[in-house]
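Let the hints inform the model, and build the full structure from the sequences given.
Chains as they are written, first to last, in our numbering: chain A, 35 to 472; chain B, -19 to 139.
Worth flagging that the hints you see were computed from the coordinates, not collected in a lab. All residues carry an ideal CB built from backbone N, CA and C; glycine is no exception. Some hints here could point you the wrong way.
[Stated by the list, open to error] To be clear about the criterion: a stretch of chain B counts as covered by chain A if any three or more of its residues have a C-beta under 8 Å from a C-beta of chain A, and this derived list gives those stretches:
1. 21 to 30
2. 45 to 58
[Stated by the list, open to error] Derived DSSO-like pairs (lysine-lysine); straight-line CA-CA distance at most 30 Å:
3. LYS224/A / LYS38/B
4. LYS(-11)/B / LYS376/A
5. LYS(-11)/B / LYS197/A
[Said to hold, decoys possible] Taking CB as the label site, the calculated pair distances span:
6. GLU307/A / LYS28/B: 14 to 22 Å
7. LYS196/A / SER(-13)/B: 27 to 35 Å
8. ALA405/A / LYS138/B: 41 to 49 Å
9. GLY185/A / GLU21/B: 35 to 43 Å
10. ALA134/B / ASP66/A: 28 to 36 Å
11. LYS274/A / GLY16/B: 46 to 54 Å
12. ALA183/A / LYS135/B: 37 to 45 Å
13. LYS410/A / GLY16/B: 45 to 53 Å
14. GLU307/A / ALA137/B: 41 to 49 Å
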Amino acid sequence: VADLVSHPDEIKVVSSRFGKGATNIDRYIELDGYKAVRKALEMTPDAIINEVKTSSLRGRGGAGFPTGMKWSFVPKESAKPKYVLVNGDESEPGTCKDRLILEHDPHAVIEGVMIAGLAVGAQKGYIYIRGEYRYLLTIMQKAIDDAYAKGFLGDNIFGTGKKFDCYWHTGAGAYEVGEESALMESLEGKRGIPRIRPPFPAVVGLWGGPTVINNVETLASVPHIMLMGGQKFADFGPPKNGGTRLFCLSGHVNKPGVYEMPLGYPMEKLIYEVGGGIPNGKKLKAVVPGGSSTYLLTSEEAVKMNCDFDSFAKTGGFLGSGGVVVLDEDTCMVKFALRVMKFYQHESCGWCIPCREGTDWLKKTLTRFHAGGGVKKDIDNINYLAQNMLGRTFCPLGDAAAIPTISIVQKWRQEFEDHLEGKPCPYENKGVPEPAFA
Amino acid sequence: MFSEQLSKKFDKMVTNYPTKRSALVPMLLFAQDEVGYLSDEVIANLAKRVDVTELEVKNVISYYSMLHTKPMGKYHVQVCTNISCMLRGGEELLDHCKSKLGIGHKQTQPDGLFSLEEVECIGACSWAPAVQVNYDFHENLTPERMDKVLEGYAKKAKQ
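Right, dumping it as structure tokens:
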């Protein structure tokens, strides 16, 4: 069980029930649980979608797509059944927030699924949890069973005569399944290989039916939006970037942990005040703003940045998944680029050639480079290879591998030069900081 | 093949979806937990349960990194060395485990007690470095604390 942290600047919405025993359904009801879905049952589907649109809630998985708009793409009439699919295949390096939501507040996710179902006219919801999070499956299974026992799920939900079924599902170790179309393939019992789009899942999704796919945190925000009203949620953040989100601070910070901050919170304060700064008085070198597939920020860029989708978009970057990884001055960026590429090479499914071959070549080149076997033209080659992966694959895994690599080569080119012609890595054996809670 | 309890669970699981094979990935994982690994018999049994060929089941198995077709150690030590863990000593922790257990990546001790694997992000980034032994998370580790974790499992095995 992971430690909970807190900071006075936090606005606890999604995390408001953390550590309060809300896995127990009666306790959850005491904490305003299942009120939002009762409210939604008295609303029209359009009214629910409009409330979510007002909240300007955007996908918390990393892409930041407006949730209300996503829901409105689902056709009203459909010959095939519609589905709600919760993406709990959290595996973006640096991200560990959905785990906490599922651990502390599983009923909020179920409630979010039901509200999404009412909004789009689906009667079945699937909650996909990554295989490594086995203990969460037990928690979710109990939560679903309890909700059925109370008559909140089943053939006559809350005595309204309406039907809604909810199921858990588990993966078995695959990063790529976190991508929506691969997620559907995996849920259908296949290899998690992406599907080409269009058609988008909102039109043709699970078993050919229209499907809404949302991240755990996105859906866990929905009940709060229904209760407090979309406008109040929107007002926590800057325009078009409504609400709060969970930021997972990790790497070289004194107080790592998962903090719920309003969107638009300054990155500088997030690192130095909330995160307590860099250990051992070292200087900041770089920040991974939202999981390993985002453009890295230099320390100068990071201290000027605000953590919301549009501030990042303005500079050509991505806010990403909320996984903020802090790198101090003694981190070797070549080694970092190599570790990131090793990950994507391992996780590439091999379906699209630019990703399969690109990640493998880049891993080999970076391995050789970090070991001192690099030559000058490798530096441009790394950049060239990565640029050619961008936008040339079915799913964004190819982009995810290229993006950090491009930003590291462009922003820390000098470090690559420092490794040339058999020079040993200048950062080796600088030691690692003690774990925060040791 | 499987315990009565697991068999019943499988019978229920295939009804949760419009197609039977949709239950395949969780079934493989649960079967592996009970049997230890995915043997040819397990594959044949599951293929029959979800109405697909054994080849199709093998295709699925080879995609997922948690599914194994060879026996693993009783305690499978999975050390994360992805970025957040690497920055806090994940690689040193892996080296420590290698020398302590006397085995390398994806290897099993001769007596079958421990096996070791270097894994990708396990979602414990804010509590790095982290290790999963079977399904249990161990977080904020140092080599000394890792020794205690391993000793704990070795003791548990003797009981």
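**OP:** Find the hints from earlier in the document that the structure breaks and name them by number, from lowest to highest.
**Re:** As far as the earlier hints go, 1, 4, 6 and 10 are violated by this structure, in ascending order.
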